[in-house]
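Participant: Here is what each chain is made of, one letter per residue.
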Amino acid sequence: MPADSIFSAAVSGVVKNMIECKNIVKTYQTGLISASVLKGVSFTVENGEFVAIMGPSGSGKSTLMHIVGLLDIPTSGEYRLDQKDVSKLNDDELADIRKNKIGFVFQSFNLLKRTTVLRNVMLPLVYAGIRSGEREMIAMKSLEHAGLDKQYYNYFANQLSGGQIQRVAIARALVNNPSLILADEPTGNLDTKTGEVVLNTFQKLNENQNRTIILITHEREVAEYAGRIITIRDGLIVEDSQNNKRRSGFYK
Amino acid sequence: MLLTDLMQETYFALMANKARSGLTILGIVIGIGSVIAMVSIGQGTAGSITSSIESLGSNLLMVMPGFQRGVGQQVSTGRGNAQTLTLEDAKAIKGLLKVVDVAPQNFNQAQITAKGTNTNTQINGVTESYATVRSVQVLNGTFITALHNSSKAKVAVLGPTTAEDLFGEGVDPVGQTIRIKGLDFKVIGVTVKKGGSGMSNADDAVYVPLSTAQQYIAGNTRVSTISIQGESQEALEQLEADVTALLMTRHKITDEEKIDFMIMNQADIAASASSIAGTLTILLASIAGISLLVGGIGIMNMMLTTVTERTKEIGLRKAIGAKKKDISVQFLSEAVALTFVGGIAGVALGWLASLAVAKFGGIATTVSIPAVLTAFGVSAAIGIIFGYYPARRAAKLNPIDALRYE
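So the protein sequences, as listed, match chains C and Z.
Each residue of the first sequence is one higher than the one before, counting from 22 in my numbering.
Each residue of the second sequence is one higher than the one before, counting from 7 in my numbering.
By construction, these hints were calculated from the structure, which means they are not laboratory data.
Please note that the accuracy of each hint is not assured.
Here are a few chain C residues that face chain Z, going by a calculated C-beta distance under 7 Å [said to hold, decoys possible]:
id, residue
1, Lys109
2, Ala116
3, Tyr148
Short derived list, chain C residues pointing at chain Z, Cβ under 10 Å [what the hints assert, rightly or not]:
id, residue
4, Arg119
5, Lys120
6, Leu133
From the three backbone atoms N, C-alpha and C, an ideal C-beta is built for every residue, glycine too.
Make the full structure from the sequences, and use the hints.
Facilitator: As structure tokens, this is what we get:
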């Protein structure tokens with residue numbers, strides 16, 4: 022489907038698009054050498070979709086996620102988030118949107134090590150300016166949601182196992198009630214069984230709470246948990262298809 | 007970000023590296039502490055100089071003989087050696103406006119003996135007005151009176167140090183006899199301790215009637231110094247001019263170049279002494295200031311290290327919604343917290359150090375509140391100045407680069 026027709030559909034209001042990317046280009050300039058990581062990527066994601074962006078390493082999928090997550094800005098192209106052009110906002114405006122709309126689950130978790138689980142999860146709420154009493158309640162609820170036992174709430178992050186850390190990371194991503202969740206290789210560091218639990222959690226969040234989820238992975242098995250798979254290679258989308266046989270159990 | 011959160015974050019961040027935070031704070035403690043101690047030593051010294059000048063008496067002018075020069079001669083015998091001042095000069099000065107009292111005196115250095123002990127000190131021939139003009143108070147007995155002077159009585163008033171040297175500690179010498187140049191003098195009083203040291207130690211002196219001193223000890227009618235007490239500090243300048251004019255007339259001098267006396271104004275002495283003390287204070291404070299600067303650089307160094315170490319954390323914080331301001335305020339408040347704690351401890355240390363110097367070093371110290379406040383303000387400013395650059399560097403980090411940083 023050509024990008025133009027996707028856009029006209031959005032403008033006509035037939036479907037409410039959460040993400041509209043049009044001809045996104047990202048070029049890194051290192052000295053005299055410039056490398057194009059994204060070479061004109063266009064796609065849209067509707068509200069409530071669970072999309073996997075799949076591709077080998079170096080394909081530009083992480084860069085795409087960073088742009089979608091407003092951690093980075095495209096060199097050229099247009100990016101609308103909730104119908105708002107966000108490709109030319111400044112740092113602080115981007116931070117505001119990240120704070121209110123986006124939850125990140127990073128591959129390397131990125132928890133503050135010598136900080137308790139509860140404080141880690143509360144951190145986004147600190148920047149959102151929520152009072153401490155309320156903050157703790159929301160954080161606990163989010164941790165419960167992510168499936169971490171209450172006994173670990175006051176552990177330091179570096180005292181937990183990989184699976185537990187990932188749950189904390191998910192709880193933190195959910196705590197500010199984001200409409201968009203971005204997960205970068207969330208199962209990359211997990212064993213099969215734990216990875217499956219994490220992916221099931223994403224599925225539940227998508228189905229029961231209608232949250233939009235974008236999952237970055239290089240494994241087809243992981244991508245198959247999503248409802249739609251976008252394959253990216255060498256900075257271009259090579260395939261974008263619905264996945265009608267969503268996985269929910271063990272991957273082989 | 008709420009203030010309480012900021013304080014919590016700062017606390018946790020600093021406690022995560024206790025040793026490093028502690029050493030950095032130590033740099034500030036030493037800086038602030040030495041500034042306060044040094045300034046207190048400087049100001050204490052200034053204070054003791056001023057008070058010892060004031061102990062000479064209040065609103066004081068002192069007239070002393072100048073050069074002795076014969077007519078047409080250029081050979082000087084040195085200041086103070088002229089024998090041009092007389093008792094009559096003193097009496098004439100007393101007639102001037104705005105003069106409260108006049109105290110003529112002469113000095114003689116002589117050996118004094120008393121029952122097997124002896125000492126060598128300054129013998130001041132004085133009149134009864136010396137006590138008021140030079141603010142000398144008598145602890146035991148009486149001071150020299152007008153009657154003593156008119157009768158050339160052989161009586162003496164001892165300074166407390168001299169009394170101790172001759173009669174021992176705690177012994178009341180009033181009624182005892184001392185010998186000066188072979189003559190017996192009856193001790194009629196001991197003066198109150200004034201403090202001070204060096205050449206003009208008022209505690210190590212003997213006071214006898216001026217007429218007695220002139221006749222029996224000096225053997226001339228010379229007056230070494232005329233102390234004049236003016237009505238007020240402001241009147242001294244005019245009085246100085248009046249005295250100069252009067253003495254020029256009395257000494258038949260028309261050319262100001264050839265004046266045979268000199269006048270010292272107590273205010274001038276105090277001003278020059280306090281300017282010396284002020285220079286001393288600035289010198290000490292600037293030496294201490296250097297250590298404060300080094301402490302500040304220590305803070306900057308630690309904060310830069312911290313920013314580098316926590317690059318990933320900064321990236322994460324930005325990813326979850328922290329703005330530039332949130333990040334810079336966080337790092338700035340860590341730096342300010344370090345200097346704040348260091349400042350408080352430094353003030354305490356400086357205070358203790360100056361008390362210790364006063365107690366064990368025998369140097370007077372004065373811890374002034376403005377100095378404490380300034381030192382504290384400076385330490386806060388150092389926190390902000392030296393914390394600003396690392397904080398800005400942290401805030402400017404691109405979230406993606408920061409997250410990728412290993």
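Participant: Tell me, which hint numbers fail for this structure?
Facilitator: 1
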